[in-house]
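Colleague: On the provided structure of chain U, position chain C as indicated by the hints.
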Amino acid sequence: DTAVSQTPKYLVTQMGNDKSIKCEQNLGHDTMYWYKQDSKKFLKIMFSYNNKELIINETVPNRFSPKSPDKAHLNLHINSLELGDSAVYFCASSPSSGRTTYEQYFGPGTRLTVT
Amino acid sequence: AQSVTQLDSHVSVSEGTPVLLRCNYSSSYSPSLFWYVQHPNKGLQLLLKYTSAATLVKGINGFEAEFKKSETSFHLTKPSAHMSDAAEYFCVVEAAGNKLTFGGGTRVLVKP
Chain U
1 DTAVSQTPKY LVTQMGNDKS IKCEQNLGHD TMYWYKQDSK KFLKIMFSYN
51 NKELIINETV PNRFSPKSPD KAHLNLHINS LELGDSAVYF CASSPSSGRT
101 TYEQYFGPGT RLTVT
Chain C
1 AQSVTQLDSH VSVSEGTPVL LRCNYSSSYS PSLFWYVQHP NKGLQLLLKY
51 TSAATLVKGI NGFEAEFKKS ETSFHLTKPS AHMSDAAEYF CVVEAAGNKL
101 TFGGGTRVLV KP
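Heads up: the protein sequence lines correspond to chains U and C, in order. Residues in the first sequence are numbered from 1 upward in steps of one, following my numbering. Residues in the second sequence are numbered from 1 upward in steps of one, following my numbering.
With the rest of the complex left out, here is chain U (with noise of 0.2 Å):
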């Protein structure tokens, strides 16, 4: 069984179009995560949300919005896609966040292209 799966895996989009990249994990975690990785391999945390409440949000701009509409989900909507958003975006789910440091466990991620 799948543990943290994300659809789909592949999208290729014009630019200025709306898009979104749904993730679920079934490892009953509370908190999920969304990674932007770009050409160069570099991976970056964009959000995070432990139990529907959103506790990371980094310098993303706001046509980047996330939704969680229970704990096993986050989806990432996308408005107005730009050619820079081009990257393959992970989703990611751990036990807890806070003081305990727990493992993340990562989907397959999804290859975004935009043309």
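Keep in mind the hints are simulated off the structure, nothing from the lab. Do not take every clue at face value.
Below 25 Å or equal to it, Euclidean Cα-Cα: the simulated BS3-like pairs (lysine-lysine) are [what the hints assert, rightly or not]: (1) Lys99/C - Lys36/U; (2) Lys44/U - Lys67/U; (3) Lys111/C - Lys44/U.
Partial list, computed: chain U residues near chain C (C-beta under 10 Å) [said to hold, decoys possible]: (4) Gln37; (5) Phe42; (6) Gly109.
The structure displayed is predicted, hence computed values, not measured ones. For glycine and all other residues, C-beta sits at the position ideal for the given N, C-alpha and C.
Modeller: Below, chain C alone, put in the same frame as chain U:
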């Protein structure tokens, strides 16, 4: 603020020889540190983690890493490389709130 520097962007080894991936970190407090591996077109998989227990940490697939506070290092090693070890490796430091800061990655090439 936390930061991570992976000293080698590429490492090439022959199958059966040792692998060393170097990582230095900076942190304003005693950090938690991880190594993740990413195989081509795959997600990231945890190799091992250090969370202020034993300084020598053993992970999966024969990898281990040693935390050296005096050197602010967390180098990853494996005694004998296998072809399946060819991948991208990320050294990661954890800040408050489970916020991970990733190094730039080291691509490992294993030659037969």
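Colleague: With reference to the structure, classify each hint as holding or not holding.
Modeller: Structure-based check of each hint:
no.: 1; hint: Lys99/C - Lys36/U; verdict: holds, 14 Å
no.: 2; hint: Lys44/U - Lys67/U; verdict: holds, 19 Å
no.: 3; hint: Lys111/C - Lys44/U; verdict: violated, 31 Å
no.: 4; hint: Gln37; verdict: holds, 9 Å
no.: 5; hint: Phe42; verdict: holds, 6 Å
no.: 6; hint: Gly109; verdict: holds, 5 Å
When held up to the earlier numbered hints, the structure conflicts with hint 3 and nothing else.
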